[in-house]
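**Q** Sequence:
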Amino acid sequence: MHDVVVECPVRLTEANRDELRLLYADLRDHYARRDARDGTRTTLHFVWSGVLDAELFGATYADQRHVFAGSRPVLNSAGNGLQETNRWLSASPQPNGASLRT
6 MHDVVVECPV
16 RLTEANRDEL
26 RLLYADLRDH
36 YARRDARDGT
46 RTTLHFVWSG
56 VLDAELFGAT
66 YADQRHVFAG
76 SRPVLNSAGN
86 GLQETNRWLS
96 ASPQPNGASL
106 RT
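Quick note: the sequence shown uses the working numbering, first residue 6, plus one each step.
The hints are simulated quantities; they were obtained by calculation from the structure and are not laboratory data. Some hints could be false.
Have a look at the derived ranges for each label pair, beta carbon to beta carbon [stated by the list, open to error]: (1) A64 / D31: 15 to 25 angstroms; (2) D8 / A74: 28 to 38 angstroms; (3) N21 / S82: 10 to 20 angstroms; (4) A41 / L61: 32 to 42 angstroms; (5) H7 / V56: 33 to 43 angstroms; (6) D58 / R38: 15 to 25 angstroms; (7) D43 / E19: 10 to 20 angstroms; (8) P14 / D58: 13 to 23 angstroms; (9) D23 / G44: 14 to 24 angstroms; (10) A59 / H7: 13 to 23 angstroms; (11) D58 / L28: 12 to 22 angstroms; (12) A20 / G44: 35 to 45 angstroms; (13) R46 / E19: 24 to 34 angstroms; (14) G63 / R42: 13 to 23 angstroms.
No residue lacks a Cβ here, since even glycine has one placed at the ideal position from N, Cα and C.
Using the sequences and the hints given, assemble the complete structure.
**A** Spelled out as structure tokens, the structure:
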């Protein structure tokens, strides 16, 4: 089995949080089927753009933990010159949600 990393550029707003939950579920299902077929293990790397509100990011991070539930590695980072943050969903939950600082 070989590892594959797929970058997913995304922008987080209050208005698109529900859409992101649907996207997470679609990605989970798609890559579960593809990985089983191809003998790969895909890591999803969400590259966030724009201004990230810590509370909203913590909420969508919790959504990711719920949807992916350890089914695959998921990495989050902020792009466009923002502070870099890496979060693996297999890590312990952070108190009061996920912080942008690691």
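**Q** Can the suggested window of 10 to 20 angstroms be confirmed for the beta-carbon pair D43 and E19?
**A** Violated, at about 36 angstroms.
**Q** Can you tell me whether the CB distance of R46 to E19 sits inside 24 to 34 angstroms?
**A** holds, 33 angstroms
**Q** Quick one: are A59 and H7 within 13 to 23 angstroms, going by C-beta?
**A** Check failed, 35 angstroms falls outside 13 to 23 angstroms.
**Q** Mind checking the hinted window 13 to 23 angstroms against the Cβ distance between P14 and D58?
**A** holds, 18 angstroms
**Q** Kindly confirm whether 12 to 22 angstroms is satisfied by the beta carbon distance between D58 and L28.
**A** Since the Cβ atoms of D58 and L28 sit about 19 angstroms apart, the hinted range of 12 to 22 angstroms holds.
**Q** Would you say the C-beta atoms of D8 and A74 sit inside 28 to 38 angstroms of each other?
**A** violated, 19 angstroms
**Q** Is 10 to 20 angstroms a correct range for the gap between the Cβ atoms of N21 and S82?
**A** With Cβ atoms ~18 angstroms apart, the hint holds.
**Q** Return holds or violated for the Cβ distance of A20 and G44 against the range 35 to 45 angstroms.
**A** Cβ of A20 to Cβ of G44: about 39 angstroms, so the range 35 to 45 angstroms holds.
**Q** How does the Cβ-Cβ distance of D23 and G44 compare with 14 to 24 angstroms: does it lie in that range?
**A** The hint (14 to 24 angstroms, Cβ to Cβ) is violated, given that D23 and G44 are roughly 34 angstroms apart.
**Q** Quick check on a hinted range of 33 to 43 angstroms for H7 and V56, using CB atoms only.
**A** holds, 36 angstroms
**Q** Is the hinted range of 15 to 25 angstroms satisfied by the C-beta distance from D58 to R38?
**A** For D58 and R38 the Cβ distance comes to about 33 angstroms; the hint is violated.
**Q** Please test the hint of 15 to 25 angstroms on the beta carbon pair from A64 and D31.
**A** holds, 19 angstroms
Taken one by one, the earlier hints fail for this structure at numbers 2, 6, 7, 9, 10, 14, listed in ascending order.
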